[in-house]
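Visitor: Each chain, written out:
2 protein chains.
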Amino acid sequence: MPESNVLVIGGGPAGLEAARGVADLGYRVKLVEKAEQLGGMPILADYAALTPNMVNAEEAMGEMVQRIENDELIDICTSTEVIGVSGSSPELQVSLKGPGGEEDVQAGSVIVATGFQHFDPGKETQMYGYYEFDDVITLVDTEKMLKAGKFVRPSTGEAPKQVCFIQCVGSRDRQIGNPWCSKVCCGIATKEAIEIRRLLPDCRVFIFYIDMRMYGFWEDEIYWQAQEKYKVNFIRGIVTEITKRGDQVVVKGEDTTMGRPVEVPMDVVILSVGMEPSEGTTKMAELFQLPSTHGFIESIGGALNTVVTSVPGIFVAGAAAGPADLEDSVSMGGAAAMKAAAFLRKANLRVA
Amino acid sequence: MPESNVLVIGGGPAGLEAARGVADLGYRVKLVEKAEQLGGMPILADYAALTPNMVNAEEAMGEMVQRIENDELIDICTSTEVIGVSGSSPELQVSLKGPGGEEDVQAGSVIVATGFQHFDPGKETQMYGYYEFDDVITLVDTEKMLKAGKFVRPSTGEAPKQVCFIQCVGSRDRQIGNPWCSKVCCGIATKEAIEIRRLLPDCRVFIFYIDMRMYGFWEDEIYWQAQEKYKVNFIRGIVTEITKRGDQVVVKGEDTTMGRPVEVPMDVVILSVGMEPSEGTTKMAELFQLPSTHGFIESIGGALNTVVTSVPGIFVAGAAAGPADLEDSVSMGGAAAMKAAAFLRKANLRVA
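Protein sequences appear in the order of chains V and C. Residue numbers for the first sequence follow numbering that gives the first Met the number 0, so the first one is 0 and each next one is one higher. Residue numbers for the second sequence follow numbering that gives the first Met the number 0, so the first one is 0 and each next one is one higher.
Certain hints may be false.
For identical chains, the list gives no copy identity; a pair is met inside one copy or between any two copies.
[What the hints assert, rightly or not] Computed cross-link-like contacts, EDC-like style, restricted to lysine to aspartate or glutamate with a CA-CA straight-line distance of at most 16 Å:
{"id": "1", "residue 1": "Lys243", "residue 2": "Glu285"}
{"id": "2", "residue 1": "Lys143", "residue 2": "Asp219"}
{"id": "3", "residue 1": "Lys251", "residue 2": "Glu71"}
{"id": "4", "residue 1": "Lys228", "residue 2": "Asp103"}
{"id": "5", "residue 1": "Lys345", "residue 2": "Asp70"}
{"id": "6", "residue 1": "Lys345", "residue 2": "Glu71"}
{"id": "7", "residue 1": "Lys122", "residue 2": "Asp172"}
By construction, these hints were calculated from the structure, which means they are not laboratory data.
Take these sequences, add in the hints, and give me the full structure.
Guide: Here you go:
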């Protein structure tokens, strides 16, 4: 009989919801997180506020963590990685490497919730000068500043007068091998644009985009608000080059709505970097022999079976399965909890 | 002790997944569907293929139905409506009206999965001439034809030579009171465009859009395929009027990328109608006293709690909560099953 009914790998939104769900159904959970603390990307990357409701990221994720921290059915192992696996569900032996060294644990079922990493805009494309110019930063760098309650030009420490976002950096880009749309960057850029305008009412903010993908209620909650209340300028266009002129960075490209070339000096350029499978997702796909699409773990059954993988007893949730917003991650975490518990019930395994 | 642990209202993708999940966790389910058969919109509106993988809608939904049909824990009631409710979870009395008349049943928890209805393009906006011109049809009318393996001009029964889709009909439209983006119409129009091009290789197909919202892998799976393999013409533009000239309909508007007015004769114009809360969703919101946003049932906790409503024991899944794609509906159905079972477990109610 396994020590843990379900091993949840990854302590971000999907993993936290999955762990809580499994325990709420009466099954034992071991939650393994590689980082020192739970919360996933919103915490590890210092997000300021979450889309679309602009709730404080630390508080919101803190509440998710708190709900599972004192649950006697949940064993939380931070600073711990999954390094090996043998056997098959419901009789898996999983090797963990944590602060106390290596240990082998048994598990009946596994939920992989190892998430994404942000595209590195210097690694695969040089066109935006991310490592060259101090004032070219990313969505993530911006979150860190916003979390600290400020927004400044990195090169001078002063408030910028003109800022732009460039969408689809590392997304919808077949040349670098990332043909997918990362789903959330339009919303996050627009949220950050609103936050910058709130902090710096004199700063002009532009967003260069291909399509603004503010699906569902985000259209209303974020997109219109940004345009009407916060006067964010949305420019449909393609940016081809970023250069330096004096102490500013110059964005060159084409405004496709106006049909003319643009060349605008900016104090800060923010690259809206997309999602790639995280290192953990790549490793878990390999370890558990899960087929993947573009490196993200595949679920079987397409749209009608979102968390079931081709390996019995192994489920996937959140951005480990592809670009996902918080709603996707939480719904999938809940669905994976149900599937894992149902799998164990069928196998007649329960440690209560 | 309640006769059914969980009452699932609605037999579409979300409700089917919810019912299956609850039963897989060992709880009794009563699944109530207003229509004569299960399957929800994909079946009731005669969808041909599902987005994004183009699987046959009847087969795919048939598999979902089949999985629950012989489950002894699931009591399926078609042609049945919920007409009243009293008490509160976990001791609810729910009045049903079915083929055999009215009956009262007890339930511990409820999952509302009553979905959406398609925007009626003749009801609130006259500009597209839907009820005026035979050759102006909707995405749904098109699905019916595609399901029958054909695509013809309704006015003549002949194969069209030139067809266009108009996006965002009844969506992103504050004048008619539908400010939300319906999330799936870009994908569905593009899928139908591909299907038309497969059936009629000589027919030119255009899609007039504001933003093409092909998020996640749809970008790769549908959007690029449509452009490159099937030569569908995507035109960023605003359509302002549809008139008649001879035996064709003329689409007038502006191509915003080229910055010029367009006036193109079409054999068939397809309106990409969006999602509105269904009549059932409106009724259930009222009956169970669930707060709503634009008529869709609100979940509490925003992005981090997608299926929990403000009323204890009552959960929501799928398009009843807002525009949703199939993945959203299935993940939410699974998550709602987990929450409902966990709610009953906590209340110590189980009829096994």
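Visitor: Please go over all the hints and tell whether each is borne out by the structure.
Guide: Here is what the structure says about each hint:
1. Lys243 <-> Glu285: Classified as neither; 43 Å inside a copy, 59 Å across copies.
2. Lys143 <-> Asp219: For Lys143 and Asp219, neither the intra-copy (26 Å) nor the inter-copy (31 Å) Cα distance is at most 16 Å.
3. Lys251 <-> Glu71: neither (57 Å within a copy, 65 Å between copies)
4. Lys228 <-> Asp103: neither (56 Å within a copy, 50 Å between copies)
5. Lys345 <-> Asp70: between (24 Å within a copy, 14 Å between copies)
6. Lys345 <-> Glu71: between (24 Å within a copy, 15 Å between copies)
7. Lys122 <-> Asp172: within (14 Å within a copy, 41 Å between copies)
Checked against the numbered hints given earlier, the structure breaks hints 1, 2, 3, 4 and satisfies all the rest.
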